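For this one, chain A is given, so just place chain B on it according to the hints.
The listed protein sequences derive, respectively, from chains A and B.
Position 115 of the first sequence, counting from 1, maps to 99 under this note's numbering, and the rest follow consecutively.
Position 192 of the second sequence, counting from 1, maps to 176 under this note's numbering, and the rest follow consecutively.
Possibly wrong hints are sitting among the right ones.
As the list makes no split between identical chains, a pair holds if one copy fits it or if it spans any two.
DMTMM-like cross-link-like pairs, simulated, lysine to aspartate or glutamate; straight-line CA separation at most 25 Å [said to hold, decoys possible]: (1) 46 x 102; (2) 11 x 39; (3) 285 x 313; (4) 174 x 157; (5) 260 x 39; (6) 170 x 98; (7) 353 x 313; (8) 84 x 102; (9) 46 x 109; (10) 301 x 226; (11) 320 x 242; (12) 36 x 7; (13) 3 x 32; (14) 84 x 273; (15) 3 x 35.
Bear in mind the hints are in silico, worked out from the structure with no lab data behind them.
On a predicted model such as this, the values are computed, not experimentally measured, just so you know.
There are 2 protein chains.
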Amino acid sequence: MLIVKKFGGSSVANAERIKHVAETIVKSYREGNRVVVVLSAQGDTTDELIEKAAEINPHASKREMDMLLSTGEQQSVALMAMAIEALGYTVISLNAFQCKIYSTSTHGNARIKDISTERIINELERKNIVIITGFQGYNRRLDVTTLGRGGSDTSAVALAAKLGADLCEIYTDVDGVYTCDPRIVKNARKLDEITYDEMLELASLGAKVLHNRSVELAKKYNVNLVVRSSMHDTEGTVVKEETKVEKMLVNGVAVDNDVARISVIGVKDKPGVAFKLFSLMAQKKISVDLIIQSIGRNDTKDISFTVTRGEMEEAVKILDANKERIGFESISYNDKVAKVSAVGAGMATNPGVASTFFEALYDAGINVKMISTSEIKISVLVDENKANAAAEAIHDKFISEGIQAGNN
Amino acid sequence: MLIVKKFGGSSVANAERIKHVAETIVKSYREGNRVVVVLSAQGDTTDELIEKAAEINPHASKREMDMLLSTGEQQSVALMAMAIEALGYTVISLNAFQCKIYSTSTHGNARIKDISTERIINELERKNIVIITGFQGYNRRLDVTTLGRGGSDTSAVALAAKLGADLCEIYTDVDGVYTCDPRIVKNARKLDEITYDEMLELASLGAKVLHNRSVELAKKYNVNLVVRSSMHDTEGTVVKEETKVEKMLVNGVAVDNDVARISVIGVKDKPGVAFKLFSLMAQKKISVDLIIQSIGRNDTKDISFTVTRGEMEEAVKILDANKERIGFESISYNDKVAKVSAVGAGMATNPGVASTFFEALYDAGINVKMISTSEIKISVLVDENKANAAAEAIHDKFISEGIQAGNN
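Isolated chain A (complex conformation) (with noise of 0.2 Å):
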């Protein structure tokens, strides 16, 4: 078999982990394997990193950050490919100029654009182990570009891809993906399969577990993705288009913090407003999560939407800025807010889900501000001293007692 794995940060904070990482690695090449190894930086490099840079510059240019960041991954695959030499295996270090991982031009969140696979291929055929640097690429230039948050996530799955892996393996610190997060739904049990699909709604839904635009690749290339720990050798959960087992109606509830509401009140009912409104905040690159619209009093109507919280005040500042040319009354917001969502491909087909989430909602006495739906998932934003409470009364209903599609 030929397998990328993927070891993250913390898999290689120190000579010890790096070592114990080293051993993993061998063992699956000495079963027969062909391995190729993605890794992210050691640790806190990277924090330590932009630290040593702001420190000189704090509005660094993105393109010298990349060439900075970029060394903590180089430094990574040379250490690792030391400690599988001192196993005794063949094994070669690469960095993204040397296996030509090309990416766009956008500093600090790049994305792939194609895998020259020749010298990787090269050393497979020579036998070697291949550690590759994770998160970087290069541009036309031939300037180092990062990927962005979870990019060595993507460069796995990128390289699998590619090379036609017949396994990509994403080593984490926990043992797979969880129906929640066990320290929120102390029930929560790992599941042995997901749907890319589930898996990108959980993803993008604040699971932190796999970023959104590995397991999008992942889909896209139906790449064989399993999510694993990197300090026990347990099964892990397999990320993949169908899964075999009866569908579950939810599958995981996620819940996330960094979330802000922000409502922008006596809106003119007339067409465009929201266009003018949404359009602002895409020029100044905020991203809006849940967008919901109300009839207000008269012939206007309240607008509210939701974006990160370190992107809250920027967000009213703008409106305000613009009150004249929106035409609004007022605005209110509140960051003491959370998102809490039940995720699960079974939804789609299955119509009596809604009424059982906001049943279990209902029977913990929690206020629902605002809520959002797509075909395999329900969304609402709920105070943020009762997301765990609304996540618990969810997994409680839904996956503790095992109800399951078609049974509703």
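Just chain B now, with coordinates in the frame of chain A:
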């Protein structure tokens, strides 16, 4: 003017020093110069990385060591670019891949083969200050190489040669080349000019200002080289083909304490013995410096030579193991010796130099153990604890008393 400036690790050791160097660079740029800067890794970065590697694998391959160590310079150049950005100037950092510093494949001690300067010239045309990683290159497999000790000096001179720079400034923690180490000879004074050949002899004799290879390269391509202080805005020392000032007989006195003497006693007086002996040393990559051969008793002779102290033990072991093959009676060795040398372009045409040199040592009551001469230098081996006195005596005689070529 097109100027290449090189700053060593101590000049960029922390944020404060980086900012100071950034100002030095910008000052030169504001004077209308096109400026290319070559940097080493920050302060102790390289040593820290070596330590990190040793913890994981004390026998790591040189290929992976290069992959690891080259990150140090990449961090320096990115941080420096940020510091220059903060001052409001346009700047770009480039690593060896990006500015195509193509080298041999000898990891840990590669030599620059060629530099394709298109990118650098392009960036200069765009009015950028260009900051380049010293000490590194890449080979034809696109693997990262490092250039060995003093490699950043070599990078700077090679870039200056290839770019046809008007000037190559090597910034150090001293303010120029001295007639002797001021810690040894208190009358030592800074030279305004020195020839490439004199600099070469001084560099190889333990005056740690410029690395030999960089001076060879400067001589080969006639690069206008200046050694100056990174802390103070003083003139420095110009290194060039011919100095304009009246030739001093002796321009510099150097002391090298990293010397051990080995004497092979009672060697058969037959052809090929010296060859056998020194080819054994060469096979083990042990560098031999001074060599003398004396007539012994009967039909035997003694051969003495010097090696670095770190290699003495191994050299003796090799000799012992080959006692039969070489054919000798015994070995003696001593690592409590030092080499004291006087260098001066004026020596070549002045026959009286040697006698003045030995007169100085005789007056100071210093016993000479070995002698070696070249066109422009005289080296003697003395007891370690007499080395500084010897240097002072020679310095006083030739330099402080100002004996010039032709006066003798």
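So, going through the hints one by one against the coordinates:
1. 46 x 102: Classified as between; 23 Å across copies, 30 Å inside a copy.
2. 11 x 39: between (43 Å within a copy, 22 Å between copies)
3. 285 x 313: within (10 Å within a copy, 107 Å between copies)
4. 174 x 157: within (13 Å within a copy, 60 Å between copies)
5. 260 x 39: neither (39 Å within a copy, 59 Å between copies)
6. 170 x 98: neither (42 Å within a copy, 63 Å between copies)
7. 353 x 313: Within one copy, since 21 Å is at most 25 Å while 98 Å is not.
8. 84 x 102: both (9 Å within a copy, 21 Å between copies)
9. 46 x 109: between (37 Å within a copy, 22 Å between copies)
10. 301 x 226: Cα proximity of residue 301 and residue 226: none, with 45 Å in one copy and 69 Å across.
11. 320 x 242: Close inside one copy (9 Å), not across copies (69 Å); limit 25 Å.
12. 36 x 7: between (33 Å within a copy, 18 Å between copies)
13. 3 x 32: both (23 Å within a copy, 19 Å between copies)
14. 84 x 273: neither (35 Å within a copy, 45 Å between copies)
15. 3 x 35: between (28 Å within a copy, 16 Å between copies)
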